[in-house]
Amino acid sequence: MKTTLLLILPILLLAGCAGPARYVDPETDEGPVTMTLDYRDFEQAAAESVDSLLASGAVDNPNGGRYVLVVSRIINDTMQRLDTDQLVKRIRTELLNSGRVATTTAVGIDGPEDEMNMLARTLRDSEEFDQRGVERKGTLQAPDLSLSGKILQRNHRVGREQQVEYYLQLSLTDLTSGLAIWENETRVIKRGPKDSVTW
Amino acid sequence: MQKRHVFLLTLALAVAILSGCAAQHQKDQMTAFNAAWKQGDYTAASRAMEAPSSLTGQDASEDERLLELLHQAEAHRISGDTETAIALYDEAEQGIKMNDTRGSGAKMLETGMAVLLNDAHRDYTPLLSERILINTYKGLSFLQQGDTENARIEFNRADDRTRRAIEHFSDEIQAQRAALQERQEGENSEDPRKASILNSLKSDALQSTVENHYGRFSEWGIYSEFMVPAATYLHGLYFLASDSGDLERALQSLKRVAGMEPEHPRLAADVRLAEALARGSVQRESIEPLVWVIYENGLGPVAREVRFDVPLLLLNREGDDPAYTGIALPRYRERTAVEDGFRIEAPRGEIPPLEPFSPMGKVIRTEMKARFPAVLTRAITSAVLKTTLQDVAAEKLGVLGRYGSAMLSMATTRADLRSWQALPDHWQVTRMPRPSSGQLILANHSGTLGTLDLPDWPYTLVYIKRPSTLGGIEVDLVDLQGRIPGRHLSFPGSSRAATAVAEAHAPVETQPR
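For the protein sequence lines, the chains are A and B, in the order given.
FYI, this note's numbering numbers position 139 of the first sequence as 139, with every residue one higher than the one before it.
Basically this note's numbering = 1-based index in the second sequence + 199.
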């Protein structure tokens, strides 16, 4: 009996090490920090960028109304397969919520984000559709501003650890003049074991 | 007591036999791979490297089948199946990560097994040069798919692995200095086994025996700084072609490679181009479309076993009873390059000939020189322990114990000969403006092997891999800017075959996926 218990005990202890599935509150999540970029880093970078942009006044339209923003290329220059859209989406959402900017989905660097913009216009000659509801020519809004950027990663060794630095660099270009009217860099710096690579 | 010792000896012999069976399986697997690889039968080459299932019937974990994954991935890449190649290379990277982040307990256990048996009992740990090439091949595969974003990530990873490798070598040099210091203090160690190991390592007799069998390190032709020039070069080319403000990085990589191969005219020309673009003295728009041809030639080095007796300085050993005191070390031997006058021609006008660079033998020697002290220390430690065990066995079991344990020592003394054998002997490179005809001709001593129709891209890479003359010539046409998916073409390896095949078929073309 004792032997059986001695055999089972370590198994039970090991099983106890893995926690059950549970919800995590993003606001208070103090889970382990990874060397990769995680959702907390995305949230922090997005929040800092939006705060900087709104505080700069670059998106305040002196004529009233909202500027139309297009998201240009965001280059992922890291060592990780990131979904840059995920990061940009948070920025777009917060800018939209600020009431000062609207984002166009009708044009984009790799084609329109929402192809329905053009597809809906192909209904113009269709007898099957009530033409009063079909979009007329010349209604799509051209963008005033373009948001572009780069996410950089630089790794260094710091003593017996490695330091990984992520930089989110964003530029806002006035498409009328071609001038960058706002730029910002948000840094996320992490330090951890150097046993393995950071991806 | 006697029965217990006999049982232990029998158990040890069983372990030795099982370990021998595993080594034989691995040898057979590599023989089958190499036979298919040389013939250009990459499907068979990949099949030969299918990893055996674990005892539970599940797939073994990535770290346990790392060697198989590397060979299979490259077999798929060379035959144009980039999607599978990327998936397999991803698994291999996962395996490396599992290896690197293993807990200290597991690492100690593995080192213990290596000392008691041999290095081949450790999970396969790829050379640093192999790790760098994983990401380089993945980068090429993504470019082939027209996926520049993921290609950039892989070239960044290859660059980071190079940085880590340089740091690793710096650590190794420091560790060697510390070990030297420890050896000098070895005589004072109170632990007789430790003193035996340290004294043996520092003895002139051992150093001279190792040099006799292994060669003098000072005569090894190595690079002054660790890198895989072909990987750093491709990193440089990718960023040279990129129009996202990466010219400084391109220049840095191209300069480093040219610095390692100072007499290479093509590499120097690329540095001049990158400098002109970075300075702004040449505008990107004014450059005519450029074509680089990179040719991966032949079969890379493989490890062979060098086995010899070493003079051990054993303390507390009574008498001069015979004992097996051999060690087995891996020694890389170069295989063959394809020497059939392979060249690139244009229908009209001359193009600069392919110039060799980045010999894998030199890359591996550079790495092995740094790794060797650790390998030798493990081998000597193992030899000292095995000699001690032989003495104990002789004391307890008499002649049977003496000879049984000596046979066991001999059977378990093996070098770790595993390596990624899908790598080339060396690379060659040339660059030219896109010929006006839009065509390049592949030829060798016996005539034309095939004709390439070049796409009209600003920066085209023609990436050729040819392990031997028996197999075909595998060609990838790659848009270095990664905007357009590339094409994969296969040509027969000899002109006679080319004529025969050309009459029947157009070149085999794999549609981009």
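Simulated from the structure, these hints should not be mistaken for laboratory data.
Be aware that one or more of the hints could be misleading.
Listed below are the simulated DSSO-like cross-link pairs for lysine-lysine, each with C-alpha atoms no more than 27 Å apart in a straight line [said to hold, decoys possible]: (1) K561(B) - K226(B); (2) K190(A) - K296(B); (3) K190(A) - K561(B).
Evaluated hints:
| no. | hint | verdict |
| --- | --- | --- |
| 1 | K561(B) - K226(B) | holds, 25 Å |
| 2 | K190(A) - K296(B) | holds, 19 Å |
| 3 | K190(A) - K561(B) | violated, 36 Å |
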